[in-house]
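Novice: Chain residues, written in single-letter form:
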Amino acid sequence: AQSVTQLGSHVSVSEGALVLLRCNYSSSVPPYLFWYVQYPNQGLQLLLKYTTGATLVKGINGFEAEFKKSETSFHLTKPSAHMSDAAEYFCAVSVKGRDDKIIFGKGTRLHILP
Amino acid sequence: DAGVIQSPRHEVTEMGQEVTLRCKPISGHDYLFWYRQTMMRGLELLIYFNNNVPIDDSGMPEDRFSAKMPNASFSTLKIQPSEPRDSAVYFCASILGGGSTEAFFGQGTRLTVV
Numbered sequence: 001a002q003s004v005t006q007l008g009s010h011v012s013v014s015e016g017a018l019v020l021l022r023c024n025y026s027s028s029v030p031p032y033l034f035w036y037v038q039y040p041n042q043g044l045q046l047l048l049k050y051t052t053g054a055t056l057v058k059g060i061n062g063f064e065a066e067f068k069k070s071e072t073s074f075h076l077t078k079p080s081a082h083m084s085d086a087a088e089y090f091c092a093v094s095v096k097g098r099d100d101k102i103i104f105g106k107g108t109r110l111h112i113l114p
Numbered sequence: 115d116a117g118v119i120q121s122p123r124h125e126v127t128e129m130g131q132e133v134t135l136r137c138k139p140i141s142g143h144d145y146l147f148w149y150r151q152t153m154m155r156g157l158e159l160l161i162y163f164n165n166n167v168p169i170d171d172s173g174m175p176e177d178r179f180s181a182k183m184p185n186a187s188f189s190t191l192k193i194q195p196s197e198p199r200d201s202a203v204y205f206c207a208s209i210l211g212g213g214s215t216e217a218f219f220g221q222g223t224r225l226t227v228v
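These protein sequences, in sequence, are chains A and B. Heads up, the first sequence is in the numbering used here, so the first residue is 1 and it goes up one at a time. Heads up, the second sequence is in the numbering used here, so the first residue is 115 and it goes up one at a time.
Isolated chain A, as found in the complex (with noise of 0.2 Å):
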């Protein structure tokens, strides 16, 4: 079965320094991976996804996050944080024909130090 580890429930960074959030999965087949983000009092929004393809995607505000097959890793980054990327951002991971089903890491509160 498929599973995520998010390391590091909270992390800390000044605006402007590089945000790098952890996430390793364990999967037998060839996984999609997302990561999502989570502001106060909502639901979840994708902020982008692998499939197939590219190993280095692209997604919203600025966040990007490259597939490591031989770490079993997607780590999200962004260069310079903003203030409005303080949230909590969760890696989930889903197998096509497998149950469909996606699962989700417990998530990384990102906080923003003035």
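Possibly wrong hints are sitting among the right ones.
Straight-line C-alpha distance at most 30 Å; calculated DSSO-like pairs for lysine-lysine [claimed, not checked]:
id, chain 1, residue 1, chain 2, residue 2
1, A, Lys-68, A, Lys-106
2, A, Lys-106, B, Lys-182
3, B, Lys-192, A, Lys-106
4, B, Lys-182, B, Lys-192
5, A, Lys-68, A, Lys-58
6, A, Lys-106, B, Lys-138
7, B, Lys-192, B, Lys-138
8, A, Lys-69, A, Lys-106
9, A, Lys-49, B, Lys-138
Hints are computed from structural coordinates only; laboratory data are not their basis.
We have chain A; now place chain B onto it with these hints.
Specialist: Showing chain B alone in chain A's frame:
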């Protein structure tokens, strides 16, 4: 489309009472997921449907929880009897076409059982 609509947004109930949460997915979407979010356990998949048929309910915590999808535009999650440990935010999400596509989330129902 107005997106995924959940009701109520907030529910406070007494222990032992029956609680029904409602979800209207995006029109045309063929998958519907119910998740529960808590600080301790993160975002847990409870059950999901494909074309109104329950596919995997292994995440439903106990027999007190039940979910139905009588038609393509409506689903319910019922807890009977409710307990304080059921307090959480419950999200509904819908997808078109399977696990590689974006999941659209409702704004959630915040359930408090006292």
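Novice: Quick check: which numbered hints come out false for this structure?
Specialist: none
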